[in-house]
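*Asks:* Residue strings, one per chain:
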Amino acid sequence: MVASSPLVKMQSLHKSYGDGAVQVLKGIDIEMKPGERLVVIGPSGGGKSTLLRVMMGLEQIDSGSITFAGQPYVSSASREKKTLIDTEVRRSIGMVFQHYTLFPHLNILQNLVLAPRKVRNEPKASAEARALSLLERFGLAAKARAYPAQLSGGQKQRVAIARALMLDPKLMLFDEVTSALDPELVSEVEHVIMQLADQDMPMMIVTHDMWFAKNIASRVIFCAGGVVVEDGPPEQVLGSPREERTREFIERVFHIKQ
Amino acid sequence: MDLDFTIVLRYYDALLIGLWTTVQLTMVCIALGCALGFVTALGRTSKNFALRAITGTYVELFRGTPVLIQLFWIFFCLPLILGVELSNFISATIALTLYMGAISSETFRASLKSVGSEQLDACIALGLPRSVQIRNIIMPQAVLRAVPTLLSNCVSLFKESALVSAVGMADLMFVGQNISNNIARPVEVLTVVAIIYFVIAFPITRAVTFVERRMLIRLAI
Ligand SMILES: Nc1ncnc2c1ncn2[C@@H]1O[C@H](COP(=O)(O)OP(=O)(O)O)[C@@H](O)[C@H]1O
Ligand SMILES: [Mg+2]
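Sequences listed follow chains A and Y, in order. Numbers given in the numbering used here equal positions in the first sequence, counted from 1, plus 41. Numbers given in the numbering used here equal positions in the second sequence, counted from 1, plus 19.
Simulated from the structure, these hints should not be mistaken for lab results. All values derive from a computational prediction rather than experimental measurement. Keep in mind that the hints are not guaranteed to be accurate.
Stated by the list, open to error - Not the full set, but computed from the structure, chain A residues with beta-carbon under 8 Å of chain Y:
(1) 124
(2) 128
(3) 144
(4) 188
Claimed, not checked - Just some of the chain Y residues that point at chain A, by a computed CB distance under 8 Å:
(5) 86
(6) 141
(7) 146
(8) 147
Stated by the list, open to error - Within a straight-line C-alpha distance of at most 20 Å, the following computed SDA-like cross-link-like pairs (lysine to any residue) qualify:
(9) A:67 / A:121
(10) A:165 / Y:66
(11) A:123 / Y:66
(12) A:159 / Y:150
(13) A:159 / Y:66
No residue lacks a Cβ here, since even glycine has one placed at the ideal position from N, Cα and C.
Pulled out of the complex, with its shape left as it was, chain A reads as follows (with noise of 0.2 Å):
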């Protein structure tokens, strides 16, 4: 892929919920290049959510498109038309979210493997040895057997990952995936994040927690009110941004960090 075609490209992304009564993203245009590791940071209530939703395909959008590697996958022209999903092209991205969502009825193994096995139909045999050697990896291969139930947050929390890294994606999104958990278990889930960039792995990360922003990031966007305020890089943004909006936050969230 030549340098300058930008994997993602989001144009003039509109959203609101309720029939138009809230309008949640209202012109969102980002372009990700190959490579860059996008961290989104704002106020709660901002649309980060909304934004990483609509990504993955999870959400009708109002108006405008988003390609990936070129590929249009998820349009629209109006409010009250359908939003156009290409399925294909959706799987190429992972998504792992706040509250780990994963089966429940089903153990860590089976949750790992029902996606290859369904979505690609890999033979048992070579999904559950790629199943194992990615647990092996996260330091759960003890769990394969045990139920989400049994896990900690933190575990349960890295399994998401690599159940999501088990359809191979070429992009992962990570929505406050350290939100949930005790303070202790948000390294273990931050190293695993951070083992995947070291092998350039693209992604786009909502988090609030400052110090991970800055370690992980290629780039920082503050996204306040349904649209980008500050989009630059993570020295500029976290260190010294240029909006006022931004700084405001920037402060609050680290007063209330020390």
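Take the given structure of chain A and dock chain Y with the ligands to it, following the hints.
*Replies:* For chain Y with the ligands alone, coordinates are given in the frame of chain A:
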């Protein structure tokens, strides 16, 4: 008053035959009724208005009338309307299956609802086709969650099945009543019959707690 429970022992074979009829009838109606209940629950949660209307009417009618009336109606009115003779067993099976279908559909409906939307988000994010979502994620979770209430539904059905004695079917209740009339020993016979019902129903009621504690908590479903 002289009580002699050993007298009941003389009729144990008749009581066993009656019990067997009760058990058979209950089992058949549980199997058919659960299937009907699941399909009905799907209908009640469907987007199709006609389906919702039909299944809703059925459930409300059967939940809102005494089982005895339902039974009488199917025994006496249905053959007149259809113009065919139905055997006792068939009529009883139809009536109790419809009853079981109505109560278990409410159980399934609640359990279907309780499969959270975030489970569906996870399915979509993993690219699972709709058929896999239903078969591998929604169905198993809904059924597992329904198990405790479903067991209670089964106990209700088992107990309500005694009503078929009122239309002359030779179930445990009917046999017990007959013996008690014949030998004029209502206290002994009816007490024993009650105990037989209890001995079967009680462990199932206990099993509900067991299932809730062990299975559902382990899976946190
Ligand atoms: N399913 C929904 N229905 C209606 N409103 C919603 C829904 N999801 C989110 N919202 C609203 O949209 C706004 C943005 O939410 P969200 O994208 O979750 O923001 P963030 O992740 O930045 O906290 C909030 O005001 C929220 O209340
Ligand atoms: Mg959010």
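*Asks:* All the hints need checking, so say for each whether the structure fits it.
*Replies:* Consistency of the hints with the structure:
1. For residue 124 (chain A), the interface hint is violated, since its Cβ never comes within 8 Å of a Cβ in chain Y; the closest pair sits about 13 Å apart.
2. At about 7 Å, the closest approach between the beta carbon of residue 128 (chain A) and any beta carbon in chain Y falls short of 8 Å, and the interface hint on this residue holds.
3. A distance limit of 8 Å between C-beta atoms decides the matter here; for residue 144 (chain A) the minimum to chain Y is near 6 Å, and the interface restraint holds.
4. Given the 8 Å rule on beta carbons, the hint for residue 188 (chain A) holds: about 6 Å separates it from the nearest Cβ of chain Y.
5. Taken as an interface hint, residue 86 (chain Y) does not check out: its beta carbon lies about 34 Å from the nearest beta carbon of chain A, beyond 8 Å.
6. Using the Cβ-Cβ criterion of 8 Å, the hint placing residue 141 (chain Y) at the interface with chain A is satisfied: the shortest such distance is roughly 4 Å.
7. With its C-beta approaching chain A no nearer than about 4 Å, residue 146 (chain Y) sits inside the 8 Å limit, and its interface hint holds.
8. Hint status for residue 147 (chain Y) relative to chain A: holds, with the closest Cβ pair at about 6 Å, below 8 Å.
9. Under the criterion of a C-alpha separation no larger than 20 Å, the hint pairing residue 67 (chain A) with residue 121 (chain A) is consistent with the structure, at around 17 Å.
10. For the suggested pair residue 165 (chain A) and residue 66 (chain Y), the alpha carbons sit about 36 Å apart, so the restraint of at most 20 Å is broken.
11. Using a Cα cut-off of 20 Å, the hinted pair residue 123 (chain A) and residue 66 (chain Y) holds, with the two alpha carbons roughly 17 Å apart.
12. A threshold of 20 Å between alpha carbons decides the hint, and for residue 159 (chain A) with residue 150 (chain Y) the separation of about 10 Å falls inside it, so the pair holds.
13. With a C-alpha separation of about 27 Å, the suggested pair residue 159 (chain A) and residue 66 (chain Y) falls outside the 20 Å cut-off, and the hint is violated.
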